Each structure stands twice: as structure tokens, then as C-alpha cells.
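Kindly produce the complete structure, drawing on both the sequences and the hints.
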Amino acid sequence: MKFDLADRIFQNAQNFKILCHWLDFPPMDELIKETRLWFATLGQEEDTISLRRKIWLLRSTAILALLPFDSEDLGFNQQILSIKREAAYIPYLEERQERLENLIQFLVENPDNPKRRKVFQLLQESWIQGIKVGLVYAVTRGSLPGWSEKLIRELQELAPGKELIEPISSPKVLRAGTYKQIIFPANGSLSPLLMDVYHGCRTQRLDVVAYKKEGIKVPQRLTLPKGTLIKIRPVRTLEELQQTTSDPVDEWAQRRFWESIRALEAKVDIPPSVKGDHEITVEARLVLLSNNKKVYLRDDLSVIEISDLVAGLESLEDYGKKLPRKIVNQLEVGDLIVLRTSGSGDYLYDVANSLLEADGKRRLRDEALDWKPVLKQAIKIHGTEAIFIRLKNRGHELKTNHRYIGLWTTDVVIGPKSESRFRNLISIIYELGYKVGNSDQVTAASTRWQKMKEIIRYHGKAGRKIRQDLLKELRRMIESGVIITDSYSLTIPDVSAGELSVFRVAGIDPEAVEIPYYQTGLIMDMQNKTVSQL
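The opening position of the sequence shown corresponds to residue 1 in this note's numbering, with each subsequent residue numbered one higher.
No lab work stands behind these hints: they were computed from the structure.
These numbers were taken from a predicted model, which means no experiment stands behind them.
Every residue, glycine too, gets a C-beta built ideally from N, C-alpha and C.
One or more hints might be untrue.
Mimicking DSSO-like on lysine-lysine, the simulated pairs with C-alpha atoms at most 30 Å apart in a straight line are [said to hold, decoys possible]:
no.: 1; residue 1: Lys162; residue 2: Lys172
no.: 2; residue 1: Lys162; residue 2: Lys180
no.: 3; residue 1: Lys212; residue 2: Lys84
no.: 4; residue 1: Lys322; residue 2: Lys472
no.: 5; residue 1: Lys118; residue 2: Lys172
no.: 6; residue 1: Lys33; residue 2: Lys213
no.: 7; residue 1: Lys322; residue 2: Lys361
no.: 8; residue 1: Lys453; residue 2: Lys399
no.: 9; residue 1: Lys451; residue 2: Lys392
no.: 10; residue 1: Lys392; residue 2: Lys435
Between beta-carbon pairs, the in silico distance windows are [to be verified]:
no.: 11; residue 1: Asp29; residue 2: Lys84; range: 17 to 25 Å
no.: 12; residue 1: Gly43; residue 2: Arg475; range: 52 to 60 Å
no.: 13; residue 1: Arg255; residue 2: Ser487; range: 21 to 29 Å
no.: 14; residue 1: Lys212; residue 2: Asp318; range: 35 to 43 Å
no.: 15; residue 1: Asp29; residue 2: Arg255; range: 18 to 26 Å
no.: 16; residue 1: Glu109; residue 2: Arg256; range: 29 to 37 Å
And the structure:
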């Protein structure tokens, strides 16, 4: 990052303030109320999804519009006609249709748009002072009527100079520079830029323009580290700015977003090394990162999470020799998580291997885990369920489904957690007609278990080394007052296992899904192109 840009980001963090402009406009309040009633009436039936989508589009077009309400670009008449056609076969919606049509008709006949008026007023005030203004253009995750080149041209024609107005249409545009002022003409709940605008330190002043019933979505903004003598001073308290109640229509839109993103997930090509493992699945959760990246993380995985440290709410001394961690299914928007961004596989695994090699025990892992390919062959012929049942008959209950046994053939886990379970697993392998090495099952299990314990000991040494070095790097980062916008690379001296980076969580799927185990940890951009792996 260039020094002048870094300095402007630091100044923005120091002087950041939020100005909230509430718009008191009863017709819009009534429209918001009416669309909520539509959703309540339609319920969650599959055959009403199309109609609910149209109601949401009409509502969002009106709430977020910056054009006069009678503009043809908004397409209100076409939208109402489409809704009427679809709702014509639902008798109990007749009264609702009439009321909705009357509300839209009122807006079209009274085209003065209070949000447009307020946004243009703020722009004019800033332009008089020669201030460059960024206007958040990505107010939803998809396209919306009225947000087109026509609006951009109008803004540029009104501005004294084109350089004084910049539509912010993506995280990339936002991160390209800094602003004295950004205008957010929406509550932000559906914008992909929400986290970046509030946490990116790209502006000194944020003007949020919203209708009273629209409410405002303000993610918790973290303070800077202790010792930097910096405070973030919003004009209002966050409690005053936040929505007091959730909106069922926005909640529906969020659900539809996650459903659509799951449905559109591109299949990741099966790496040659795991061609036979395509049926081994794990419960994972899709996490969106605020630099326009995404990653699937195992739902039960514990990840390093440092937002409280960076905020100065906790100190490294509070953790002693440990690192702050969170289970993936407990992550929240705004959390700062540490992930691997170069190299491949498990970070701990690679550090442990380097320690094994330094001690002349390079082959220990292969010798301890040579039962894995034998188990894989047994699963290929007999399936995981047959082995699961045999383990259960020997008194070993697995809390997950039988497919979890497939993970024992991978590098995700070393093996069963208890010696008794491992001995019984080896016994079952022999029972099914397979052998591990040239020894009997008792010797095979005993020698492998001892070597696995040695590997676990080296994993412990690797974990302590990573913690120690990472704590040093975090301390350096915090004491130097580093500002994390969307991500930050961590360089750990004397550890050659790859790079770690800090990412801010921009969204997390409320539901876990089953995916092939090798797809977890792949950091991808939002167009599904893999850019790195943990």
C-alpha cells in the first residue's frame, strides 16, 4: 500500500463520523407496511416464491430510487401489472392488490422523491466546497430498476467536475482510493458494500440517507487498538442508528440470497490426489470475506478470531499462551479471522512435517499412517456404513453419520481419537480380508498407535511454535497501530509453511451444507475462481 494512501486511511479512521438523515415520508412508510403484509399473507409456500420476489423488487425499487417516481426507468406500471397477473388467481389478495396499486399510483402522480432530494442536496453542499463524494451505487447484491447509466450521467452533468462524483459499484472501486465523504442512500442491509463502507476506513464522513420505516443496518464498528490515541467518533451513538426490529421482507431477501448463492456454487474440479474421495463429505458453512472473496469452512472447525484484540477490548495477556478462537458456526459479521493464503493443506501439518524432518524422522508419518490407504480400499469395496455398524457393535458410537469414517483416510484427521477405537478399526480391516503391513492385527495396531502418538506430539510442538510466532506478529501489528480494512497479510519469521492473512467476515451462511471435504479451505473470489488454499 502506498504511503500516502495508508496515511489517508489512517486519517479517515481517526476522524470517521456517521451522519444519519431520516426521511419522514408517510407514503413510503405505508408502502413498506403494505409489502410486509403481503409477505405475511403469502407465507412460505413454494408456489408463491415468484410473487414474493416481485413484491420485494417493487418495494426495493421504490425505497432505493434516486430518480423521480414517475421515471419510466423505475418501471412501476409494468411491475404492478406483472404482480396483478400473478395474483389474479389468489382471491384473498384482491384487496391487497388494490391497496398496493393505489400506493404506487400515488407515488407516480406525486413524483417528487425525498431521498433523491436529500442526496442531491448533500452532493451540492459538498461540491460547493470542492469535495469529492463517493455515492454507494451497489445498494443491493443484484441489479435494480432505476440504477443505470442514466442516473450516473445525470449526476456527472450536475457536478461541477466529473472528478467530484464517483459511483461506488464494487469493493474494488471503494478500495482504489479514499474520500472525504461517502453517501449511502439505503439502510445497507442488502448491500455487498456494507462491511467495507463501515470498516474500510475509506472515508472521513459517512452520510446515511434512509426512510424512517426503512431503518438502518449498522454493523458494529470496532475501535482502533489501545495505545494509538485514536477514537472513532460517530455523530450519533450506534444504538440510535441501528434497526430496532428485523424486517421480514429483508430477512426473506437475505434467505433468497443465500439459497441462490448455494444453488449457483460452481463445482470445484476434483484434484487428482483426491479422485477417489469425491464421496467423503463434511458439514461446512460458506463464509463471505469483505475483500470480495468466499471460503467454505468446516462447521466444527475452530479458527483464530482477533477482532477483540484489534479493537483493544482484550489484550494478548488475557490469553496467555493461547490464541483467541471461535467455532465457525459461531462466527459473526465483522469478525476478523486468520486463514492460510499461500501454500496448500493444513498449516499445522506442514510445520509439524518440517520439525519431523529436522529431527531425522521424515518417514514417521508414512510409517504411522500406512493403514489409511488400506482403509480406503476397504471402504471402496464395503462402504463406510458396513464399518460403522461393526464399530457400533463393538461399543463405539460415532456422533456424526457413517460417512465421517471416510475422513480417517484423509489428512484432515490423523485417525480415531481413542486407542480402543483405533484397535477395533484395524481389527475390522483384517476381518474384511485386508492387512496392514506384514504383521498381525494386534502388532499392526500397537505399532501404528505409538507412532501416531509421536506424530500428535510433533503436532503439539508445531502448534506451540505457531502460537508463539503468531502472538509475536499480532503484538507487533497491534503496537504499530495497523489498520485492517478488508484483509492483512501476516508474515511469521522462521516458519516456511506459507502465508497467513487476516480477513474480515462480511457474511456467513445461516445454514451448513454437506460438501466434499477437499472443497473446504479454498479461498475463492465471488466468481468461483480459486485464488488460494488454506
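Going through the hints against the structure:
1. Annotation: proposed proximity of Lys162 to Lys172 holds, straight-line Cα distance about 19 Å (limit 30 Å).
2. Using a Cα cut-off of 30 Å, the hinted pair Lys162 and Lys180 holds, with the two alpha carbons roughly 16 Å apart.
3. At roughly 28 Å between alpha-carbon atoms, Lys212 and Lys84 fall within 30 Å of each other, so this suggested pair holds.
4. At roughly 12 Å between alpha-carbon atoms, Lys322 and Lys472 fall within 30 Å of each other, so this suggested pair holds.
5. Of the supplied pair hints, the one linking Lys118 and Lys172 holds, its CA atoms being roughly 27 Å apart against a limit of 30 Å.
6. Our distance criterion of 30 Å between C-alpha atoms is met by Lys33 and Lys213, whose separation comes to about 8 Å.
7. Simply put, Lys322 and Lys361 have alpha-carbon atoms about 28 Å apart, close enough for the 30 Å limit, and the pair holds.
8. Of the pairs offered as hints, the one joining Lys453 and Lys399 holds, with about 23 Å between alpha carbons and a cut-off of 30 Å not exceeded.
9. Of the pairs offered as hints, the one joining Lys451 and Lys392 holds, with about 26 Å between alpha carbons and a cut-off of 30 Å not exceeded.
10. Of the pairs offered as hints, the one joining Lys392 and Lys435 holds, with about 21 Å between alpha carbons and a cut-off of 30 Å not exceeded.
11. A hinted range of 17 to 25 Å for the beta carbons of Asp29 and Lys84 is consistent with their spacing of about 23 Å.
12. At roughly 54 Å, the beta-carbon separation of Gly43 and Arg475 lies within the given 52 to 60 Å, and the hint holds.
13. The given range of 21 to 29 Å is respected by Arg255 and Ser487, whose C-beta atoms sit roughly 27 Å from each other.
14. Evaluation of the 35 to 43 Å hint for Lys212 and Asp318 yields a pass: the beta carbon distance comes to about 41 Å.
15. The hint said 18 to 26 Å for the Cβ distance between Asp29 and Arg255, and at roughly 24 Å that hint holds.
16. In this structure the supplied range 29 to 37 Å holds for Glu109 paired with Arg256, their Cβ-Cβ distance being about 31 Å.
Every hint, counting from the list given before, is met by this structure.
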